[in-house]
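Each chain, letter by letter, is given below.
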Amino acid sequence: MNGLQAVITQLMKEKRDVLISILFGFIAGIAAVGLFSASGYLISQAALGVPIYALTIVIATVKLLGFTRAGSRYVERLISHRATFSMLKHIRVHFFDRLQQLSPARLQRLKSGDLLSRAVNDVESLQNVFLRVIYPPIVLVLIFFATILFTAYFSVWMAIWLIIGLSLSLVILPALFAWLQSATDESTAEQASALTAEATDMLYGYQDLTIHQNMQARQDAFADLNDDYENAIARSRVRELVHQVLDGWVGFAMAWGVLAIGSYLSAAGQFDAVLLAMFMLLTLTVFENTSPMAAFPQYFRDNKQAADRLYTLDQPDEAGGNTLQTPITHIDFDHVTFTYPGEERATLHNVSLSVEPGSKTAIIGASGSGKTTVLQLLLKLEHVESGSIQLNGESIHTIQADSIWDVSNVVMQEDAFFQGTIRDNLLSDASDESLNEALRLAALDSFTLDDPVYEKGDNLSGGEKQRLALARVFLRDASLWLLDEPTSSLDRVTAERVLHHVYDRAQNDTLILVSHDLTGLDQFDQIIVMDHGEVVETGDYDSLMDKQGYLYQLKQIEAATL
Amino acid sequence: MSLLKSYLSRHYIIQLAGVHLLLATMILLQAYVIVSIIDSVFLQDAGFLDVLVSLIGLLAIISARAVLTFTSGRIGITLAKKAKTSMRSHLLQHYTNQPIELAAQGRSGEKIATLLNTVDQTDAYYREYIPQMVRASVVPLAILIMMAIYNWPSALIVLITAPFIPIFMAIIGLKTRDKSEEQLNALSNFSGQFLDSLQGLTTLSLFGRAQQEQTLIEKRSNQFRDATLGVLKVAFTSAFMMELISMLSIGLIALELAVGLIIFDSIAFTTAFFILLLAPEFYIALKDLSSAFHAGRESITAGKSIEAVLDESKHPVAWGQQTIVSVPPRMTLDHVSFAYDDVDILKNISATIEAGQNIAVVGPSGAGKTTLLNVIAGLLPIQHGRINVNSLKQHELREDVWFRQLSYITQSPYIFSGSIYDNIAISQPDAPVDDVYDAAKRAGLQSLIDSLDSGIETVVGDGGRGLSGGEKQRLALARAFLKQPSLILFDEPTTGLDLKTEQLLSQAIHDLSTNATVITVAHRIHTIQAADQIIVLNDGELIASGTDASLKHSSSAYRALLGIDGGVNA
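Chains A and B supply the protein sequences, listed in that same order.
Numbering-wise (full-length UniProt numbering), the first sequence opens with residue 1 and increments by one.
Numbering-wise (full-length UniProt numbering), the second sequence opens with residue 1 and increments by one.
Mixed in with the good hints there might be a few duds.
Here are the computed lysine-lysine pairs in the BS3-like style, where the Cα-Cα straight-line distance is at most 25 Å [as the list claims (entries may be wrong)]:
#1 B:Lys393 to B:Lys314
#2 B:Lys304 to B:Lys5
#3 B:Lys82 to B:Lys219
#4 A:Lys13 to B:Lys219
#5 B:Lys82 to B:Lys5
#6 A:Lys15 to B:Lys219
#7 A:Lys304 to A:Lys111
#8 A:Lys13 to B:Lys233
#9 B:Lys500 to A:Lys555
#10 A:Lys304 to A:Lys13
#11 A:Lys63 to B:Lys287
#12 B:Lys233 to A:Lys15
#13 B:Lys304 to B:Lys314
#14 B:Lys393 to B:Lys347
#15 A:Lys111 to A:Lys465
#16 B:Lys219 to B:Lys233
#17 B:Lys500 to A:Lys547
#18 B:Lys219 to A:Lys456
In case anyone wonders, no lab produced these hints; they're calculated from the structure.
Can you build the whole structure from these sequences, using the hints too?
As structure tokens, then:
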């Protein structure tokens, strides 16, 4: 489905507000036209010297129209904005809902590509969809329709002239400028991101740039990009300005034409000259309504792009498969090779491993060795493409992801935290008593359940976030523990204390711990050592140390490090 | 506000004033010609040919008005472009003169936002606010004068009613300001919350909480909508009042004109119609002014925050003009102190580093080891004391001469967005590919480069492919191999590297050190023991120095660091 159509579907959930705002927009516009026409008529009649009572009626009408105009404008603005914000609500909920249907792997990709924060901005920018894209042309056509009908009653030629002006303002100019826009620079956004990238490099890479005496060159490059960016903005502003000026000119030119036609027809005796002032003012006023059309091409394009982005982003993948019938006991990786989409090199090469029920496994290795990827594949957060993963002897392909999650206690490095309270962030409906107990086990006793948590958990330290993530799993009752560097930001004493509680709870469960820390490895039944995406060693601590292989050497270095 | 003003050049304002003066003339002329045409046709029964000349003239006036409007807008756009361009380069200049701030890196994200978005927000001030201000001080006045000349009662009505507009605006504006700023905060907060929900969806799903979150999004959206509408209502009310006042006074003028025309016969049709055409133009100019005020407000806030940034103090590192450096350098630190945010990081450090020596700096975390390296590198300005290079003071050297012979391998080298070649050849952007490839090879990057389709031209860094911690270290080594420095500063990584990078690092530093003075913040016992001189730091002070053997004997702090006095590394 086309993005804009999808957005309009959401807008139409507020049909009543949409119709009311169009109605009042029309009344406001037509009242202004009436007001000025009546004033022109009033003046002309007054010049002829009509009786005062006739004038009183016209004057009263003028006043009434003034009130109507201002009042309708107020109602129209209020209701159209209400419709817009309600529409945004529907879009947000709808987007979130569709995002849920995505495969976790897709979601992962969106997250890392910063696409989600763009989506949030896109949703916000869609507030112009109704106010500046859909609404103005509709109201404009209605006002013109009424005005042209009225005019046609007095002079067909003037009505035809107005139709020409309307099509110029409403169709020809917007189409022309929309075309110009796409023909020239699509690239302001690209230039903005080039400028941002340059600024990022300069500020974050300041030390390296200074040492390598590259700062001046970078500053010059920044200056060039800065000029390009500002020039691009200025170009599109000038284009908008030209459109705006032309639109204004068309309005005046139309009034001019009415004057010319009126003069001609009146000289020819086919038009009553007393109406001339009225139609002149009518034309001037009706064309004042076209000014929003100058911004139309820009808004139309921006909103269309935003809507398309939003709705291509969340094409749902087909999810499928069986529900896991029993808790996971056996885990087997058989020659698994995995490459992240868009990457050239495989992150995992030919990884084979197996985990026995109830056993404790540690996966160790340097950063970038592929440890985390193993867990992601196991949780179906990524799809294995070569080799196979079997859970309880069943291929992971045929198992639904959420049925794996249901039976797992997971702590990932990218666990998310939310604005709210500690209670909200524990993601559990358990009693306060249980929640407090979980905090205690995670060595977070210093927090109370009502303590605030900021966006992304910004007010929590890395260690506090890790402990909060552990508290979450203490509240669950699953039998497979998957822990990715759960204590890397904790001091050794706290880490040991918390892990002790984990091992205690997991006594009879299967547990996989990913870590680059080499302490306490002797407690594990199995240690899997990874390097550059390959499993280099597997075995228990004693046998690996006896073998004097990779782990042994790492331990040697560790021993020689302060 | 004063900062925004400082980027305005006077001649543009004069140009704007000229344009709007002409524009006012055109507005008056246009009304006059329209009136005279209608008068001729309507009351004088003139033929079409009689008014033809006037009609052509009117078309010319309308077109001139369009050209003038364009010119005014164009000047605004140019003003905005020039102001923003130079504002941005001033800001960047300012940031790069704050090495201490940059080294801390805490606020880099904020700085980038200021540089891009905040500067963009000043646009409306130049493009809308300034031209509208000029317009508002010329056009309404001209109209008012013209009205007063032709029919003073109309001018009087305008004079009495017009002040109500700014009064109402001010009252309502005061009420909205706090509210709208509050609202702006709520807005950014709200999008942040929504982003939180989106980015946390995996976590929420893992815990089976996605459905609850969806309900929450709906609830918050409703609250947000109602709060926003509350603020908008005030703004709409002010627009309503304004419209009402202008409509009523135009109505009042029409009434006054009609009465004058009919009852007293004191006004001619031409005058009455002329005034009636001008009155709306007067209010349109006022309305434009108020919307310019609205647009300018955000810009003024942005201008204030830019001004605050530019007012921050700068402490650039000082450099001189001396060029002679014998290599490798001998360095002496003479009572060197450095403080950040009034906290002393380095206190009164004196040391001598002989040419070609291998120095290890050790100490507990937070002792100031990395800061010492940064100070020696000339990346941070010292507040007290002196660093001498051979017989010269460091701050008398020419910056490029000093940095030409220096390499600094940090724990997390920064990778620029660009190719691997660009990243290695950063000190010599035109280095021959073979040399760069050779440096990469010596740093152990050959197998990585050969495995990539685009080889050494593969784009890395932000927006390119990611590198692991070990690969970043090797890339920094390659930079050093290409540069052939005579002074190497090395912040030895603690843990988390793969075996191969570990081995490569010590071999590479060994290779590089043959012709260089090397200063290492050391974490490996063998690095420390192999050093010619060990400097022991604690809490910013140099508490001991000497060789491994002598320190083992003399310094208990050193023994504690090495875990000899009972401290055991598990």
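Results for each hint:
A C-alpha spacing of about 22 Å is found between B:Lys393 and B:Lys314, which places the hinted pair at or below 25 Å, so the restraint holds. For a cut-off of 25 Å, the pair hint linking B:Lys304 to B:Lys5 stands: about 11 Å separates their Cα positions. Between the alpha carbons of B:Lys82 and B:Lys219 the distance comes to roughly 45 Å, so the proposed pair goes past 25 Å and is violated. Note on A:Lys13 and B:Lys219: the hinted pairing holds, with a Cα-Cα distance of about 17 Å set against a maximum of 25 Å.
Distance check on the hinted pair: B:Lys82 and B:Lys5 sit about 13 Å apart at the alpha-carbon level, within 25 Å; holds. For the proposed pair A:Lys15 and B:Lys219, the alpha carbon gap of about 20 Å is at most 25 Å, so the pair holds. Between A:Lys304 and A:Lys111, the direct Cα distance comes to roughly 23 Å. Compliance with the 25 Å bound is thereby established for this hinted pair. Restraint check for A:Lys13 and B:Lys233: the C-alpha separation of about 23 Å stays at or below 25 Å, so the hint holds.
For the proposed pair B:Lys500 and A:Lys555, the alpha carbon gap of about 14 Å is at most 25 Å, so the pair holds. A C-alpha spacing of about 19 Å is found between A:Lys304 and A:Lys13, which places the hinted pair at or below 25 Å, so the restraint holds. For the proposed pair A:Lys63 and B:Lys287, the alpha carbon gap of about 20 Å is at most 25 Å, so the pair holds. About 21 Å separates the Cα atoms of B:Lys233 and A:Lys15, which keeps this hinted pair within 25 Å; it holds.
Between B:Lys304 and B:Lys314 the alpha-carbon distance is near 19 Å, which keeps this suggested pair within the 25 Å criterion. For the given pair, B:Lys393 sits about 19 Å from B:Lys347 by alpha-carbon distance, which is consistent with the 25 Å threshold. A C-alpha spacing of about 19 Å is found between A:Lys111 and A:Lys465, which places the hinted pair at or below 25 Å, so the restraint holds. Only pairs whose Cα atoms come within 25 Å are accepted, and B:Lys219 paired with B:Lys233 is accepted, the gap being roughly 21 Å.
In summary, the hint linking B:Lys500 to A:Lys547 is supported, as the alpha carbons are separated by about 19 Å, within the 25 Å threshold. Proximity of B:Lys219 to A:Lys456 is assessed by CA-CA distance (about 20 Å); at most 25 Å being required, the pair is judged to hold.
In summary, the structure is inconsistent with hint 3 from the numbered list given earlier, while agreeing with all the others.
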